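Enquirer: Taken in order, these protein sequences are the chains called A and B.
The opening position of the first sequence corresponds to residue 119 in the working numbering, with each subsequent residue numbered one higher.
The opening position of the second sequence corresponds to residue 3 in the working numbering, with each subsequent residue numbered one higher.
Worth double-checking, as some hints may not be accurate.
Said to hold, decoys possible - Below, in silico cross-link-like pairs of lysine to aspartate or glutamate (DMTMM-like), each with a Cα-Cα straight-line distance of 20 angstroms or less:
#1 A/K264 x B/D121
#2 B/K619 x B/D574
#3 B/K563 x B/D600
#4 B/K619 x B/D600
#5 B/K619 x B/D499
#6 B/K563 x B/E641
#7 A/K264 x B/D402
#8 B/K563 x B/D629
#9 A/K264 x B/D537
Unchecked claim - Counterexamples of contact, computed for chain B against chain A with all Cβ distances above 10 angstroms:
#10 I45
#11 T60
#12 E95
#13 Y154
#14 S246
#15 V582
To be verified - If we take Cβ atoms under 10 angstroms as the criterion, some of the chain B residues that face chain A in the derived model are:
#16 P71
#17 M141
#18 P145
#19 C212
#20 N248
#21 N397
#22 G527
#23 A531
#24 R532
#25 L536
#26 D537
No lab work stands behind these hints: they were computed from the structure.
Because the structure is a prediction, the values reported are computed rather than measured.
Note that the Cβ used here is the ideal one computed from N, Cα and C, for glycine as well.
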Amino acid sequence: MSTIAQAQFLRIYSPAGTTLHRWQSYFTSSNVSLSGGDWIPQPFESSGITAGQTGDEGGVTLTLPAIPRVIDAVFAAIAGQHLWELTVYQFTPGNFNERTVAASFTGSIVNSTSTITALTLELGSALEPVGAQIPPRTMTTRLIGKGCRL
Amino acid sequence: MSGLVSSDPLALLSIEAGLIRPPLADAAAEGDSQLDSPQRAAILGEPVPVVFCRRDETAGSGGVLISPPATEARFSNDASNAVTASYHLVLSEGYIGSIQVRDVFQRSCRVGTHTQTYDRRAGSWTPGNFITAQTGYTMPECPYYCGTVGVYTGMSTLSFTVTIPNGFDLWNRQVHAFIRQGMHVTRLLDGVFGPSNNFADLVNWSLVNCTRLAAGQIDLTSLQAAARFLAANSFNCDIAITQSQNLGDLLASMAPYFLLAETRSQGRRGLRPLLPVNGDGTIRTTAVSWVATFTEDHILPDGFEITFSPPADRRPFCVQAIWRQQLTDDVGIIRTSEVRYTGEATDGPYEQHDLSAFCTRENHAVKVGAYIRARRQFITHSARAQCRSVDFPPNLAPGDIIRVTLQRTPSDGAASVHDYLYQVDRISKSAAGDVSMDLMHFPIDSSGRSLVALAVANATGTGILLTSNRTGVSCDVNSSADTSVPAEVYQTGTAADNQVEMTAPAAEAPPAGGGGGTLDTIGIGFSEARWDGLDLVFTLQLVPYGEAPDLSLGALDATVKSGQVVAYDASDRPVNPQPVSLPSVDVTETVAEPWETDRPAQYALYPFPPVDYIFEKEFRVTFQESDFPAEGYYEMPLEISSTSGGFDDVFAINTLRVRFEARTPTLTPFFSVVRGIAQGPDAVTINFPGESPIALPRNPATNYSFEINVYVWSADTADKNTARDTVVDALMDEFPDLPSSEFVVNQVASLSSSPPTYGVGYVLELIDTEISDGLSGFIYVGFVESPLNLAQLGYTSQYPPTYDWTGTISWNEP
């Protein structure tokens, strides 16, 4: 019998690539040094990760406690279009050094809800009905003047 | 054809994969152009077109004829009443290549002169109606609303001028331009900023410019692979996008016509070929290899499900692919390629696919037709497989080929094997560790080659190139061989309208007079589990987050239930079939009493629980020997399914996995807490801040390192070092989770005030503890994550800045 544990790591970074937060929810009593940074314990839960053809799949739902640190991070992420990188490591309990990446996901907040105690975030890269039109621009009086009538 | 009505996502996979097509609404070819029509005026609000193309003169394909709208016009006449008409036309978003004289038409005639520019207004004429009455002639009736000069930021524009003799009302006809080198983009394959007709380049540009996706959300590697596939197979995209549409809809409708599928890998959007390919992007017509084999050892019991394609959708039919033969010196010809298997569907049914808006190569259209027909011929079913995470190859990705081999052993003894190759379309990994794969049947021949890939690779067009069907006396004034480009003439316009820019307001603030902005949360989770004989014993801990909860905390009932129990044999394989009866847990008990009831004696003075006070309740569930397997084991997930009671705002986060071992030799405790409660820090340092002491709550789930503020007040501050052991003992009594072997007080200073009232976030008190002669009272400790700045957390001091202590208290793991 092999026992497998999964640890979830969450990195929040700016579109320019600057890391803002490193959180992990498995090792609750210590930081984890990984990928050049310290990942601090922060309770959160995520839904599963789906990869494949696009459709309704592809998003990840995160649930976090509504504590000041999380609220501040979420508000800043919404305002700054921050990206959330979720990585799920799989390993034998007690042997984190021999881990594999079970899944990973990068997305921005496309939807968020909250109770007074918990935040629920939908991460993804939705091609929304508004704001994802092609062609991206329309003719305006600023661009083409009053326009002619023929 | 038939539509499919189903709420089963697996059935939808067949539609997504093209096995089942939605009903079509046949219509005229999109790529056709009406040549002789009135010049169209641009209407405010309509999209700025995107002209995306790249002519291949050697192959004689590519390019697109556009009919741009006019934004400005000018009309004048001379003494002979000849009308000179000028139109200012918006060509495309972005910069496009230079337009040759031979490529500008009015109606179907090469007439007039033109000049082209980018990012400004082309031409130098002033818009307006300057027609005057000429003696002996009827005054031409030209439009009066001729527009004003615009700025045309970031778009390519064209000025067209033509003079029409008296008596011919042809000055008002539509201007057309054949674009050979369309909007410039940075190409994926060579990194050059130039024109492109690679669909992957269009997708990449769209994701950046239409959706503003960050670079980290675009799968550039897959887009480059898709671009290589398109280039190797000459699947080109020469299109003018003039109608506004959702990018997702555009990609979903066009990608299959380039034999591509949209993908989302690790959250990043990309594309992948629908066929197996070689490293250089060509279609692979040799034997394919699979990256993994799945058997009963990998797939969970009842974890494999098949959906067959409806027979009605697999009947013989003929694909009619409409494309556009693009002549180099004349307007394009809309053509139809019919693709069918020999001897079938000679008189229908037909399935029409219109590629004429972007496809200018016969082979492209034929291969798409062959793909549509071959998939419906050979692919018989889709499937879904579920397996455990431990059995799942970590590197398996959508698009990979796998083999599934499952034994059927019916009661009549006629065993058979389900043995097929599949292409992985989708991989879903749940938080609990289970993996689900959506699979598409991947048919191969006896040599292991993809039947669909062979059909597509072998399908080639007739090679027939039609000549222009233009007849009669030419109306061209300019030569069809004139490849010159007129000089650029432009002027700078002034915006007729401007943007309204709002000034950002000051940062939002909470209403005045409120009680502060921090929130209280109660976290509940498993902290421990063990076997005690046949009893499963587990503990739930209830831990406040944020500031200390208020007095309204009542009793909390938590319900713990088991999830799906799976039995495994001695070889760690899921038992098939699973036992009919498996143990289960369903228990509701009170985890925490109301604070008033639950309050320990030492907290008698406190009206509400400190944030670091942990409510704890042990559960005991008794099983029978018959619940344990004779051999092998069961795995059962325990989850907190609901909570109720006075503790509102409870946040449950844990799952506990319980293992039922065979009774021999002994029961083995087993649990794996996905997230557990901290066991306390290895080292704790207590700082006496000296001024502005701040009491802060600790989040027990994040206690890796703490800065602890201790507040002690008394009339006498003498020699606290001598009280070291007493303090340590008191700490250990109240906080058994804090391993401690040492307690040191340094740099003791004097207290100078009387104790304040209680504050928020107190954690530890020492009541009636003699610290030193004459010094007794309370010690309050706040746990704070280091090195976070306190101000960032939004906390403020609850104590007056009256203390002048400085010092350190620390203890460490032995």
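Enquirer: Look at each hint and say if it fits the structure.
Expert: Checked hints:
1. A/K264 x B/D121: Between A/K264 and B/D121 the Cα gap is close to 18 angstroms, so the pair holds against 20 angstroms.
2. B/K619 x B/D574: violated (33 angstroms)
3. B/K563 x B/D600: violated (25 angstroms)
4. B/K619 x B/D600: holds (12 angstroms)
5. B/K619 x B/D499: violated (69 angstroms)
6. B/K563 x B/E641: holds (6 angstroms)
7. A/K264 x B/D402: Not satisfied, since the Cα-Cα distance of roughly 55 angstroms exceeds 20 angstroms.
8. B/K563 x B/D629: holds (16 angstroms)
9. A/K264 x B/D537: Violated, at roughly 82 angstroms.
10. I45: violated (7 angstroms)
11. T60: Its Cβ never comes within 10 angstroms of chain A, the nearest being 30 angstroms, so this holds.
12. E95: violated (6 angstroms)
13. Y154: The assertion about B/Y154 is violated, with a minimum of 6 angstroms to chain A.
14. S246: Per Cβ check, B/S246 is inside 10 angstroms of chain A; nearest 5 angstroms; violated.
15. V582: holds (23 angstroms)
16. P71: holds (8 angstroms)
17. M141: Given a least distance of 18 angstroms, the restraint on B/M141 is violated.
18. P145: holds (5 angstroms)
19. C212: Because about 5 angstroms separates B/C212 from the closest Cβ in chain A, which is inside the 10 angstroms limit, the hint holds.
20. N248: The hint holds - B/N248 has a Cβ within 10 angstroms of chain A, the shortest such distance being about 6 angstroms.
21. N397: holds (9 angstroms)
22. G527: Interface hint status for B/G527: holds (8 angstroms vs cutoff 10 angstroms).
23. A531: Violated, about 14 angstroms.
24. R532: violated (16 angstroms)
25. L536: violated (20 angstroms)
26. D537: Hint on B/D537: violated, closest Cβ of chain A at ~22 angstroms, above 10 angstroms.
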